[in-house]
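Colleague: Kindly produce the complete structure, drawing on both the sequences and the hints.
Take a look at the letters that make up each chain.
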Amino acid sequence: MVNIDVTKKCSDMVVKRKQREGSGRAVEGMADVPFEGLFGSLSQQRVLQELVADPYSTYTPRDLTELTELTEPTVREAVAAMVRLGIVRNISRRRMRPVYQVNSDSKRMVALMFLSYAALDDNCGEDHLGDAVKYYYETTHSSYLEFEPVGVAGVVGDSYQDVAGRSFSADQRYVVAAVGV
Amino acid sequence: MSSIRLHVLGRVNYRELVSDSVDRKGNARPGKKEALFVAWLKRNSGGRKLSVCVAKLRQLGLEEDTLSSFPSGGISIQRQYGERFVCLEDRRWADELAKAYDVKVLHHAQHFKMKKELL
Chain A
1 MVNIDVTKKC
11 SDMVVKRKQR
21 EGSGRAVEGM
31 ADVPFEGLFG
41 SLSQQRVLQE
51 LVADPYSTYT
61 PRDLTELTEL
71 TEPTVREAVA
81 AMVRLGIVRN
91 ISRRRMRPVY
101 QVNSDSKRMV
111 ALMFLSYAAL
121 DDNCGEDHLG
131 DAVKYYYETT
141 HSSYLEFEPV
151 GVAGVVGDSY
161 QDVAGRSFSA
171 DQRYVVAAVG
181 V
Chain B
1 MSSIRLHVLG
11 RVNYRELVSD
21 SVDRKGNARP
31 GKKEALFVAW
41 LKRNSGGRKL
51 SVCVAKLRQL
61 GLEEDTLSSF
71 PSGGISIQRQ
81 YGERFVCLED
91 RRWADELAKA
101 YDVKVLHHAQ
111 HFKMKKELL
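Chains A and B, in that order, are what the protein sequence lines are. Read in the working numbering, the first sequence has 111 at position 111, and its numbers run on one by one without any break. Read in the working numbering, the second sequence has 67 at position 67, and its numbers run on one by one without any break.
No lab work stands behind these hints: they were computed from the structure. Quick caveat: nothing in here was measured; it's all calculated off a predicted structure. One should not assume that every hint holds.
What the hints assert, rightly or not - DSS-like mimics (lysine-lysine), calculated; alpha carbons at most 30 Å apart, straight line:
(1) K32(B) with K107(A)
(2) K33(B) with K107(A)
(3) K33(B) with K49(B)
Modeller: Structure representation (structure tokens):
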């Protein structure tokens with residue numbers, strides 16, 4: 001009788017655990033997990049740090065094993081999670097020899113790069129983060145700055161100074177109207 | 001008009017700063033792979049174990065001697081708790097080098113370049 005009870009309890013526990021795991025899988029990649037599970041296990045964080053530190057290179061699992069000092073199965077597991085999240089992709093055609101590269105379209109990766117500069121700033125009391133943000137803005141938005149004022153001046157037929165001056169006076173009028181002076 | 005455009009952009013062409021292969025002191029200027037290594041070291045809080053740095057150099061296709069080829073005052077090798085660490089001393093130099101080869105911050109415009117390199 002006692003044995004039957006213990007067996008039943010054990011089977012109930014197994015069922016409950018399976019249900020928990022099942023529900024965990026269902027909410028995977030949703031808002032339930034902080035940062036969509038980006039900061040998973042410690043090994044995952046180590047692999048992520050390596051990728052953030054040099055997102056321009058390609059990595060084999062062996063490379064990551066050497067750089068993170070983790071075992072290969074752990075690295076493969078961590079990378080698989082990142083592939084699922086879409087921040088890394090396998091660019092190899094051979095299934096048994098994967099080669100990973102950071103997805104440069106991933107904004108999370110850019111944000112994590114800034115985080116690495118922020119960590120350095122906190123340690124050294126310097127402003128590398130501000131510099132990095134400025135550089136990022138310059139490289140991504142330089143095209144807008146380059147043609148916008150010139151294009152407007154060309155269409156209207158006025159010089160850039162005239163256009164700039166007019167918009168400045170319009171701004172001034174708007175401020176005066178808003179303040180009510 | 002061109003002067004206005006320059007004023008609006010107000011950017012330094014960092015690539016021009018490394019156009020020569022030799023600097024004033026006669027040292028060989030670091031290439032893109034060296035810049036990648038220095039940027040990697042910087043994003044790793046400015047220091048990693050020597051063994052890991054050697055693995056990284058190997059991954060980038062560089063020799064271990066590369067560490068000694070960097071300009072003096074750039075990086076140093078220090079011993080701590082019986083382990084040798086590579087430390088980045090001159091972070092400003094590392095920054096300029098990373099900017100020169102456009103490896104400072106990842107941005108989507110680099111996506112096509114990276115793809116092209118792989119083909």
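Colleague: Now, for every hint given, state plainly whether the structure supports it.
Modeller: Tested hints:
Proximity of K32(B) to K107(A) is assessed by CA-CA distance (about 24 Å); at most 30 Å being required, the pair is judged to hold. The hinted pair formed by K33(B) and K107(A) meets the criterion: a straight-line CA distance of about 24 Å does not exceed 30 Å. With a CA separation close to 19 Å, the supplied pair K33(B) and K49(B) stays within the 30 Å bound.
The structure fails none of the hints (numbered hints given earlier).
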